[in-house]
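Visitor: Since chain W is already given, all that's left is putting chain U on it; use the hints.
Protein chains in written order, with the numbering used here: chain W, 85 to 529; chain U, 4 to 97.
It is worth saying that the hints were derived from the structure and are not from the lab. Yeah, the Cβ is synthetic: ideal placement off N, Cα and C, and Gly gets one too. One or more hints might be untrue.
[To be verified] Between beta-carbon pairs, the in silico distance windows are:
(1) U:35 x W:528: 48 to 56 Å
(2) U:9 x W:447: 44 to 52 Å
(3) U:39 x W:405: 38 to 46 Å
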Amino acid sequence: MELQRVLKEAVGINDEFHFFNLIDTRAKAQGKGRLSEVVISVKDCICVKGLESTAGSAILKGYKPVFDATAVGKVRSEGALIIGKTSQDEFGFGSFNVNVGIGFQVPLNPYDRERACGGSSGGAAGFTAKAPFRHIALAESTGGSIVCPASFCGVIGLCPTYGRVSRYGLMDYANSLDKIGVMAKTMEDIALAMKIISGCDPKDPTSLDAPVPDYAALLKKPITGMKLGIISYGLGKGVDPEVSTAVKNTIKRLEDSGCTLVEIELPLVEKYALPCYYILAMAEASTNLAKYCGMRYGAQENIEGNFNEYFSKVRGNYLGEEAKRRIMLGTFARMAGFRDAYYLKAAKVRAKIIEEYKKAFEKADVLVSPAMPFVAPKFSEIKRLTPMQNYLADILTVGPNLAGLPHISVPVGKNKGGMPIGMMVIGNHLEEGNVMQLASCVVEK
Amino acid sequence: MKVDEALLGQVARVARLALAKEEKERFVPQFKEILGSFQKLSAVDTSRVEPCFHPVALQGGLREDKPGICLSQEEALSNVRDSKDGFIKGPRAV
Chain W
85 MELQRVLKEA
95 VGINDEFHFF
105 NLIDTRAKAQ
115 GKGRLSEVVI
125 SVKDCICVKG
135 LESTAGSAIL
145 KGYKPVFDAT
155 AVGKVRSEGA
165 LIIGKTSQDE
175 FGFGSFNVNV
185 GIGFQVPLNP
195 YDRERACGGS
205 SGGAAGFTAK
215 APFRHIALAE
225 STGGSIVCPA
235 SFCGVIGLCP
245 TYGRVSRYGL
255 MDYANSLDKI
265 GVMAKTMEDI
275 ALAMKIISGC
285 DPKDPTSLDA
295 PVPDYAALLK
305 KPITGMKLGI
315 ISYGLGKGVD
325 PEVSTAVKNT
335 IKRLEDSGCT
345 LVEIELPLVE
355 KYALPCYYIL
365 AMAEASTNLA
375 KYCGMRYGAQ
385 ENIEGNFNEY
395 FSKVRGNYLG
405 EEAKRRIMLG
415 TFARMAGFRD
425 AYYLKAAKVR
435 AKIIEEYKKA
445 FEKADVLVSP
455 AMPFVAPKFS
465 EIKRLTPMQN
475 YLADILTVGP
485 NLAGLPHISV
495 PVGKNKGGMP
505 IGMMVIGNHL
515 EEGNVMQLAS
525 CVVEK
Chain U
4 MKVDEALLGQ
14 VARVARLALA
24 KEEKERFVPQ
34 FKEILGSFQK
44 LSAVDTSRVE
54 PCFHPVALQG
64 GLREDKPGIC
74 LSQEEALSNV
84 RDSKDGFIKG
94 PRAV
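Bound-form chain U, shown alone:
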């Protein structure tokens, strides 16, 4: 895998992050160093190990699918700058 500005550009597009050219230039050597250290994990034998996504066993967690108390429309809109007719205004899809 080659860590260069092209790869960073690809990642930035996926991450929805506009990066300046100088930022990409700065990140290239840093990412080489960091990803190099991440590769150390390949030395660990995990052939018979299940991945762990939570450090303690979760105790169920799903509730009955019934509406509960939630924010009022007014509360949900209280931090919104652009709204119209009770809806949040966002950019066009395409």
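Only chain W is shown next, with the shape it has when bound in the complex:
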């Protein structure tokens, strides 16, 4: 594969669709390995040494990390060509990749430029769909930021178990929820990339010391006898009928291939996962983002006034509206007098939600539902939503993210208008293998 041609094609696509915040026109692969000649894009919140990394925020403009994130280092050492930093909602704060930071461009859906890519890893998904060469994206999910855009852009996106992939070098959105994952066009590339980036890392004390299976070998394993849990509310009211039908048809085909179907009720997840997720994510975000204050790196102004005056001014000037909204709500949820009713309450509900999933996995090997209740919406439709209505879009994805469960979105067809539909497969902790095995069967059909 010729490097100059790849870069030229990426720049051409980017001019039209805005998938990248930065393309490294001096990109070079170093060494050889299992990813030799494979083009890799990296979500902007994951640090790449020497490449401006902003998490899509003006407050980090100009920041060039002096180290690689562990996941980036691992793909680099396998000979990958790191092509650039993909667009995202500022710090991951969004479901449609429209909440980009001040001065950033919104990526356009590869199937219809009047529609969103989904978020927050929108650039990663869009470019994965459009790249005319082999390409794997390193993406990240806090509450659904991998499967949502993968579903909207018709590609495969896998978010692993919390702790499966080191978060070293990942800019936190919400540290107990953030996971680095991958997107690609084929299950083989998903399996390969996950094998490479997974594993314990002394630089991330929350990374898990557990063996990493040979995922590629699992892709061909027959699914006969696998117990498929159908999440009932995932196909209920509020889900676009065309999305429901596509997912139901896929489930039928999986049953024909030898899966056993089990109906799964998740009443706590259905009712409470959304507020629980948003309270915890915002509370954590409000502390995680406290470090961005106009000193040390990123946006810096002439130093005037005292600490509080200077920091408040810089944060007020450079953070976008959704970032401010989440910092405010998260700060509120942790403040004296409100902490027990919001933050601690949500942390307790989270424990109950995880328990509910664990019980479901006593009856089923994997759980399925649509990834998103609808296809990629138009920008004009998104504009009319209140922030709360915006958050409701994540109704199906926040559950597995809160519980730290591995989940994937695989394309299962298109609606009448030609927009892709994604099915989500959720596995128990550390059972990415099951998830990939089933997803591989869906892709082949």
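Guide: Just chain U, lined up with the frame of chain W:
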């Protein structure tokens, strides 16, 4: 609890966030709607539940308290605009 501009002003001070008056005005109805939905959690009985701060059990995580490899001073300062004698310059404390 009354969600109004005064409460938002108080939160913004704690969060070290300068907000314009228009931003506060926009946030008031939005926060009412969002916080209203957050209150749904009060219906869940959590009387005998321990809060969960990590979805999977952490495996230790603390290393021996010995200096390891870290950034050089030059690297640590490479993104700093204002520095003096190898230190990062910041605003005065008060």
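Visitor: Hint by hint, which ones does this structure get wrong, listed from lowest number up?
Guide: When the structure is compared with the hints, only number 3 turns out to be violated.
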